[in-house]
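Residue numbers (the numbering used here), protein chains in the order written: chain A, 1 to 115; chain B, 1001 to 1114.
Just so you know, not all the hints are guaranteed correct.
Said to hold, decoys possible - Calculated lysine to aspartate or glutamate pairs in the EDC-like style (CA-CA distance at most 20 Å, straight line):
| hint | chain 1 | residue 1 | chain 2 | residue 2 |
| --- | --- | --- | --- | --- |
| 1 | B | K1067 | A | E103 |
| 2 | B | K1056 | B | D1078 |
| 3 | A | K13 | A | E75 |
| 4 | B | K1113 | B | E1015 |
| 5 | A | K57 | B | E1003 |
| 6 | A | K57 | B | D1027 |
| 7 | B | K1067 | B | E1005 |
| 8 | A | K13 | A | E103 |
| 9 | B | K1042 | A | E103 |
| 10 | B | K1067 | B | E1045 |
| 11 | B | K1067 | B | E1015 |
| 12 | B | K1042 | B | D1078 |
| 13 | B | K1067 | B | D1055 |
| 14 | B | K1056 | A | E75 |
| 15 | B | K1067 | B | E1057 |
What the hints assert, rightly or not - Just the calculated beta-carbon pair ranges, DEER-fashion:
| hint | chain 1 | residue 1 | chain 2 | residue 2 | range |
| --- | --- | --- | --- | --- | --- |
| 16 | A | P108 | B | N1022 | 44 to 52 Å |
| 17 | B | G1009 | A | P108 | 21 to 29 Å |
| 18 | B | K1113 | A | P108 | 48 to 56 Å |
| 19 | B | K1113 | A | Q17 | 40 to 48 Å |
| 20 | B | N1022 | A | G84 | 40 to 48 Å |
| 21 | B | G1041 | A | G84 | 19 to 27 Å |
| 22 | B | E1045 | A | N71 | 22 to 30 Å |
| 23 | A | I12 | B | K1056 | 36 to 44 Å |
| 24 | A | P39 | B | K1056 | 37 to 45 Å |
| 25 | A | P61 | B | D1058 | 26 to 34 Å |
| 26 | B | S1082 | A | Q44 | 25 to 33 Å |
Everything labelled a hint here was simulated from the structure, so no lab data went into it. All residues carry an ideal CB built from backbone N, CA and C; glycine is no exception.
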Amino acid sequence: KAGVTQTPRYLIKTRGQQVTLSCSPISGHRSVSWYQQTPGQGLQFLFEYFSETQRNKGNFPGRFSGRQFSNSRSEMNVSTLELGDSALYLCASSLDGTTGIWEQYFGPGTRLTVT
Amino acid sequence: QKEVEQNSGPLSVPEGAIASLNCTYSDRGSQSFFWYRQYSGKSPELIMSIYSNGDKEDGRFTAQLNKASQYVSLLIRDSQPSDSATYLCAVNTYGSSNTGKLIFGQGTTLQVKP
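Just chain A, same shape as in the assembly (with noise of 0.2 Å):
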């Protein structure tokens, strides 16, 4: 079975811009969490979709938003770039949200730098 993958694995933009990732979760899977990774601040949770649905969400500011297709694939946005966007940008697929079994298997990681 194919595991999660992400796309684009690299990316380099500009202060002000934005940026859009992608996700596609492993087959089967409903659940599609993303997390941010700096070496300052470790592994943080930024949001979890659910049939479509934004479950959680972590405490980030409102230029980072995301979306769930009906096939699970999902996407995560950040407008207006700053410096500190420079981040691996992690997405993890689960199962399903209701038998309370939570493993998340990550994908690659998108390396965003913002110069």
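Following the hints, complete the assembly by docking chain B onto the known chain A.
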């Protein structure tokens, strides 16, 4: 107080020894606990999950959970140089809405010396 705490290390053990990694969490309502391994430049890889008090073994790995003490640990037996990585403890703190939000510790760097 951080929600999930780990000793950042590095933890250095000789090849063949047992590596013991520890994690404490603050939310008593936490119900699911995970250990991830992350090699430098790579994404986290799930290696163990544990939901009930006690031990769970999988190959050379044993996860231990003590909810009363809010403590979870990972033992790696017969450590190999290939086990050298950062180990991340993650806790699921979902509430009545039953959502999945993992809270991660800062990670412990393990070095296994040949």
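Now the hints, each set against the structure:
With a C-alpha separation of about 19 Å, the suggested pairing of B:K1067 with A:E103 holds against the 20 Å cut-off. Restraint check: the Cα-Cα separation between B:K1056 and B:D1078 comes to about 17 Å, which is no more than 20 Å; the hinted pair holds. A hinted pair counts as satisfied when its Cα atoms are at most 20 Å apart, and A:K13 with A:E75 qualifies at roughly 17 Å. Distance restraint check for B:K1113 and B:E1015: the Cα-Cα separation of roughly 6 Å lies within the 20 Å cut-off, and the hinted pair is therefore satisfied.
Restraint check for A:K57 and B:E1003: the C-alpha separation of about 17 Å stays at or below 20 Å, so the hint holds. Between the alpha carbons of A:K57 and B:D1027 the distance comes to roughly 18 Å, so the proposed pair stays at or under 20 Å and holds. With a C-alpha separation of about 15 Å, the suggested pairing of B:K1067 with B:E1005 holds against the 20 Å cut-off. For the hint pairing A:K13 with A:E103, the CA-to-CA distance comes to about 32 Å; that exceeds 20 Å, so the pair is violated.
Restraint check: the Cα-Cα separation between B:K1042 and A:E103 comes to about 18 Å, which is no more than 20 Å; the hinted pair holds. Taking the CA atoms of B:K1067 and B:E1045, the gap is near 24 Å; set against the 20 Å cutoff, the hint is violated. At roughly 31 Å between alpha-carbon atoms, B:K1067 and B:E1015 are farther apart than 20 Å, so this suggested pair is violated. Proximity of B:K1042 to B:D1078 is assessed by CA-CA distance (about 24 Å); at most 20 Å being required, the pair is judged violated.
Using a Cα cut-off of 20 Å, the hinted pair B:K1067 and B:D1055 holds, with the two alpha carbons roughly 12 Å apart. About 35 Å separates the Cα atoms of B:K1056 and A:E75, which puts this hinted pair outside 20 Å; it is violated. The hinted pair formed by B:K1067 and B:E1057 meets the criterion: a straight-line CA distance of about 18 Å does not exceed 20 Å. For the pair A:P108 and B:N1022, the beta carbons lie near 28 Å from each other, so the given range of 44 to 52 Å is not met.
Distance hint check: the CB atoms of B:G1009 and A:P108 are about 25 Å apart, consistent with the given range 21 to 29 Å. At roughly 29 Å, the beta carbons of B:K1113 and A:P108 sit outside the given window of 48 to 56 Å. Between B:K1113 and A:Q17 the beta carbons are some 45 Å apart, a value that agrees with the proposed interval 40 to 48 Å. For B:N1022 and A:G84, the hinted distance range of 40 to 48 Å is not satisfied, since their beta carbons lie about 31 Å from each other.
Distance hint check for B:G1041 and A:G84: the Cβ-Cβ separation is about 21 Å, which falls inside the suggested range of 19 to 27 Å. The beta-carbon spacing between B:E1045 and A:N71, approximately 25 Å, falls within the hinted interval of 22 to 30 Å. Distance hint for A:I12 and B:K1056: a CB-CB separation of about 42 Å, consistent with the stated range 36 to 44 Å. Between A:P39 and B:K1056 the C-beta distance comes to about 31 Å, which lies outside the given range of 37 to 45 Å.
A hinted range of 26 to 34 Å is violated for the C-beta pair A:P61 and B:D1058, which are about 39 Å apart. Taking the beta carbon of each, B:S1082 and A:Q44 are about 28 Å apart, inside 25 to 33 Å as hinted.
Going down the numbered hints, you'll see the structure goes against 8, 10, 11, 12, 14, 16, 18, 20, 24, 25, while the others check out.
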